[in-house]
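As they're listed, the protein sequences go chains C and Z. Letter by letter, the first sequence follows residues 7 to 182 of this note's numbering. Letter by letter, the second sequence follows residues 568 to 771 of this note's numbering.
FYI, nobody ran anything at the bench for these hints, they're computed from the structure. Please note that the accuracy of each hint is not assured.
Derived lysine to aspartate or glutamate pairs resembling DMTMM-like cross-links, with alpha carbons at most 20 Å apart [stated by the list, open to error]:
#1 K591/Z with E48/C
#2 K120/C with E574/Z
#3 K175/C with E572/Z
#4 K25/C with E657/Z
#5 K591/Z with D130/C
#6 K175/C with E574/Z
#7 K18/C with E574/Z
#8 K591/Z with E156/C
#9 K168/C with D589/Z
#10 K603/Z with D44/C
#11 K603/Z with E48/C
#12 K18/C with E572/Z
#13 K168/C with D612/Z
#14 K591/Z with E119/C
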Amino acid sequence: MSRNPVNEALFKQWLDSHKGIIFKATWSFAHTPADAADLRQEILLQLWNSIPAYKGAARESTWIYRVCLNTALSWRRNANRRTARIDPEADLGGIAAGAASPADDAAHREMLEKLYGAIHALGDLDRVLVLLMLDGLAYREMAEITGQTENSVGVALTRARKRLAAIMKGVTDELE
Amino acid sequence: MNWNEMESAWNRQVPPGAAGTDVKALIETFEARRRKLAANLLWRDLREAGAGLVGAAVLGYLGLHRGPGFRTCLLAIAPMLGVTAFFILERIRAHRERPGFDAPLLTKLEADLAELRHQRRLLSSVGTWYLAPLGAGIAAMLAALYFSLPGPVRERGLVYFAGCLAATALLFWGVWALNRRAVRKGVEPAIIELERLRDQFSQR
Numbered sequence: 007m008s009r010n011p012v013n014e015a016l017f018k019q020w021l022d023s024h025k026g027i028i029f030k031a032t033w034s035f036a037h038t039p040a041d042a043a044d045l046r047q048e049i050l051l052q053l054w055n056s057i058p059a060y061k062g063a064a065r066e067s068t069w070i071y072r073v074c075l076n077t078a079l080s081w082r083r084n085a086n087r088r089t090a091r092i093d094p095e096a097d098l099g100g101i102a103a104g105a106a107s108p109a110d111d112a113a114h115r116e117m118l119e120k121l122y123g124a125i126h127a128l129g130d131l132d133r134v135l136v137l138l139m140l141d142g143l144a145y146r147e148m149a150e151i152t153g154q155t156e157n158s159v160g161v162a163l164t165r166a167r168k169r170l171a172a173i174m175k176g177v178t179d180e181l182e
Numbered sequence: 568m569n570w571n572e573m574e575s576a577w578n579r580q581v582p583p584g585a586a587g588t589d590v591k592a593l594i595e596t597f598e599a600r601r602r603k604l605a606a607n608l609l610w611r612d613l614r615e616a617g618a619g620l621v622g623a624a625v626l627g628y629l630g631l632h633r634g635p636g637f638r639t640c641l642l643a644i645a646p647m648l649g650v651t652a653f654f655i656l657e658r659i660r661a662h663r664e665r666p667g668f669d670a671p672l673l674t675k676l677e678a679d680l681a682e683l684r685h686q687r688r689l690l691s692s693v694g695t696w697y698l699a700p701l702g703a704g705i706a707a708m709l710a711a712l713y714f715s716l717p718g719p720v721r722e723r724g725l726v727y728f729a730g731c732l733a734a735t736a737l738l739f740w741g742v743w744a745l746n747r748r749a750v751r752k753g754v755e756p757a758i759i760e761l762e763r764l765r766d767q768f769s770q771r
């Protein structure tokens, strides 16, 4: 790929404007800071590689979600083959560290860790849909990212929400 | 915790930005990785396609310049070139446009699945498209060498040539077994995993 200044500028802009997508997709699939660093590197590599193909037909955010999630799914399959099973004692401390801001408090961090813990317990499709739902995407955007029909997204998302609620109930009874 | 609280917590996350990232160094790393990968792939392609060409050249030389006893070697040239042609066609297929990481997830899953099934077919049939033609070439060369020996030497050399054939057969069996193992341990589980995920995405 040609390393031209336009591509470099676009890459830098993506890293700044869409850092939230990259961060959340990374931590939705990675369980430890080391895994997160590995997956983030992989996502950034694929984002960089995808730039020549980006012609502006799709929205930037749609494009970036697709690259992040495809990379994460592929990375997870490879990670599964490297280690037979995911470490049940996942170290989610990196999430809190990454999310730290003056406004953050212990309760917020704890809530995030529980939420990511629940997301990690979901299957791949549920995980993807829950991430997109929490980011506030419409069914149409979710369909563009996943390749499903809007109807399928609706049905699958309802199931995913129920599963997430069931998992979170194990953490707290207040989730409706 | 309810959905609103959950969404609020989710949206209050403050991810680290690119400010702390040396983008130029990162891109240089990616480019170095890309160049290394391209060099490795080129070397692999040359090695794989070149093996058949070298084999065909050796057989051609023996067949044309070492007397009538070596003419059988010429018969094995076509299968050798066939192996090279197969590798070249396979590389052309592999380099064709395929959905990248920017494709919708379901499209990418189906493309990955198709690629894995293709790999399974290739690995499962390695005996037909790779080992058999190479084996035919080696057997033809050994037979030509054997029958070109003078009578008394030929008798003494029988055990030696039989040993060479047996060693070749053992080596080929090892290659075949490794390929079968790769299908069983690597490709099949990956296909099952991808099919399961694809079915989740395809559910109505």
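Run the structure past the numbered hints and jot down the numbers of the failing ones, going up. When the structure is compared with the hints, numbers 4, 5, 7, 8, 9, 12, 13, 14 turn out to be violated.
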